[in-house]
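Residues in the sequence shown are numbered consecutively from 0, following this note's numbering.
Rather than coming from a laboratory, the hints here were simulated on the basis of the structure.
Treat the hints with care, since some could be wrong.
[As the list claims (entries may be wrong)] List time: in silico BS3-like cross-link candidates among lysine-lysine, alpha-carbon distance up to 27 Å:
1. 178 <-> 260
2. 358 <-> 394
3. 314 <-> 358
4. 48 <-> 314
5. 205 <-> 178
6. 183 <-> 164
7. 359 <-> 183
[Stated by the list, open to error] Distance windows between CB atoms, simulated:
8. 172 <-> 206: 51 to 59 Å
9. 36 <-> 406: 53 to 61 Å
10. 465 <-> 213: 31 to 39 Å
11. 309 <-> 72: 25 to 33 Å
12. 356 <-> 48: 18 to 26 Å
Just so it is clear, CB atoms sit at the ideal spot from N, CA and C, and this is done for glycine as well.
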Amino acid sequence: MGDSALARLCSTCRALDISPAKFYSHSSIPSNNTEGHAVRIGYLDDLFKRRHDCTFCDLLCDAIYTPQNEEIVFDGFDVQGDRVNCFMDWPQKSQLDRNRRLRIFSDESIFTPAYIALLNDHNPSRTQASASVDLDEVRSWIRECEHSHDKSCQMYCTRDRSLPKLRVIDTELRCLVEKQTPLKYCALSYVWGSNGSQPAPLVLTKQNLAALEQPGAFLDDHQTLPKTVRDAVDIAFRLGVQYLWVDSLCILQDSLEDFHKTAPFMDTVYGQAVLTICAASSDYANAGIFGPDSMSRAFIRTSGSYGPLRLGVMKTLRDQIISSRWNHRGWTFQEKVLSTRALVFVDEDVFYECGRSRKKVGSRLSADEIQALSTMGSPSSLCTPQQNPIDRLSKHVEIYSHRELAFSRDRLLAFEGVLGALSNAADSRKSGLIFCYGLPKSHFDWSLLWEPKGLSRRLPLEERAGSILPSWSWCGWSGASWWNPGTTFQPRSDLHQWLAQNTWVIWWIGADSSHDLVLSTGEGSSEGGVSQDEVDGTIKWYGYRQTNVDNVDFFGRTLRREWQLNNEDFPNYPTHDPIEGCLNFCTWSAHFSLSPGLGSRESGPYWNSLAQVAFNVAPGVYKRSLLDRSGQWCGEVILNDSNSNYDCEVFEFLAISDAQAGILGIAYYALMICWIQPETLAERVGLARIHTDAFHKGSLEPGLQWKEITLG
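Could you put together the complete structure from these sequences and hints?
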């Protein structure tokens, strides 16, 4: 390496003698740089002082200063003011053993180790990488799981759901076949599409179905499989599994009938697979299981130089997973969490997961890697009957709802497998866990209390074409949704008691030509005494329950006779015409205006010093004040960005349940609505909490009304 190339290196870094050969696993690493023998670079504060004159010191500082390294302050000292020693070595990355990374670390683990890779064109490609994976090790883990693990790794959640036949790729004949189930097969989770510079990848259509069913079809140049699929076929074959399920090639992409026959059963497809192969490095179908053949810039956090060498600081495993396109795609969420076992490919690392264990092919898992893998959700995690299914639902909706879909109309369909698994795992006979457009019928009043968690918007009609995605469900909106722990009664609390004492609405849902009751009750009734469910605490998870006691309705809820809201039997049938996917119900309606500021909270009768209103609570989410007919502050409403500018406008609000005691004292949860068709069809705009006295006595014109509503 010439002197001119080293001119911008300090004497300390020049002495490190970093060369391209040291990044290759087949090279002989000098004795002072071998794995397990660290080379001291110097103190971090000295690197910090030299960073403007030395390109490698600058890169090292960028590598070490990350949000995760909270023990390091900006001048290079730790938070106690002590100096931080920095070292480097060349550890063996994994048994794939093609490229080495330069590791930067501290002797007392003051900061998270950083890994630096060679970005020059000398870097060997990763073609045939899948052939280097030790699949004997993976096979032994699968056998251990099948024979030694308990129900946490078994197909509990799919026991009542099955497809009689499944179209799969035969990895021996290299063609499509249709086989009777049960069947031993692998499944693939990956990102569809091309990178823009290549033609669209091969998918299954009515036109090419017959050709792809011919033995050797995928060996034909005209029927070339995308590289990611080819790698998966090779891995399944080497594992001794003859069949592979790939959605784009096993479902007819131009047949809605074939699509809707299979798509709702993703819990079955992935749950009954021997193994799901997850191509987490691949951003498009031809990238391959390990990602692009050359060093992917997707895994580089920052870059710099050492003389003529271009070097990149690798993202941590957690950052690689979180930032990957695979982790942002809507369909891949359920593909991972519904799997019984998963083999996850991230850069050149391969991880195995089941309900009981996590392992790394070729080496031991580090603590950082275990934590990173946990961000993706564990296989079989939905299928544990001992866990609160409503709590799991709320967490999975929060994670899934921020993900991206090529077609917004698939927003609910891409989550149907999760809902099916939750219903089975919860034992729906006891809990009544049946879903209505993504919300549990057994806890319906509570489930309507979702809020936007970030930028969101009502999906326009053209994006919903072909699907029913109502405004009253999270699935009818883009962006992340959640049940806000700051404002909503949480599922870990006694939801059963809250539903029994704080709700009253009888909900109907429009079907083809009729109205159906939404609310569902669990099996059996309470007739006195203490049940086993009460002893072990699981009764708190239950929703509505039929009871044989006085002063409750059919769903076990306290009657509010002063309102004359309920009857001992079912209420009268709705008078509005049924509209599929629309709720029909009766409740109190009132009108309030949105304040352009904080409102007159301090002098109003409903003021509470803890109320924090009329400010942006998260990007794209606004909490606005509500004013009654006297201009007094009386509540708050959560709106998305597109609905946040309604200053001083009057809106209608529908009381749907009692709010939990707290900031507003005695209050209602209420839906803010807008009318799509005047007094005929409304849509949800936001969720409000309004003081009960204000609701009954402070409404603007036309005043408090008991109304029948159709909500789309």
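Hint-by-hint comparison with the structure:
At roughly 16 Å between alpha-carbon atoms, residue 178 and residue 260 fall within 27 Å of each other, so this suggested pair holds. For the suggested pair residue 358 and residue 394, the alpha carbons sit about 25 Å apart, so the restraint of at most 27 Å is met. Taking the CA atoms of residue 314 and residue 358, the gap is about 20 Å. The hint holds against a cut of 27 Å. Proposed proximity of residue 48 and residue 314 is supported: the alpha carbons are some 25 Å apart, at most 27 Å.
For a cut-off of 27 Å, the pair hint linking residue 205 to residue 178 stands: about 18 Å separates their Cα positions. Between residue 183 and residue 164 the alpha-carbon distance is near 12 Å, which keeps this suggested pair within the 27 Å criterion. Our distance criterion of 27 Å between C-alpha atoms is met by residue 359 and residue 183, whose separation comes to about 24 Å. Checked against the given bound of 51 to 59 Å, the beta carbons of residue 172 and residue 206, roughly 21 Å apart, lie outside it.
Judged by the Cβ atoms, the range 53 to 61 Å given for residue 36 and residue 406 holds: they are separated by roughly 54 Å. The hinted window of 31 to 39 Å between residue 465 and residue 213 holds, with their beta carbons roughly 33 Å apart. A hinted range of 25 to 33 Å holds for the C-beta pair residue 309 and residue 72, which are about 29 Å apart. Between residue 356 and residue 48, the C-beta spacing of about 46 Å breaks the proposed range 18 to 26 Å.
Violated hints for the displayed structure, listed by number in ascending order: 8 and 12.
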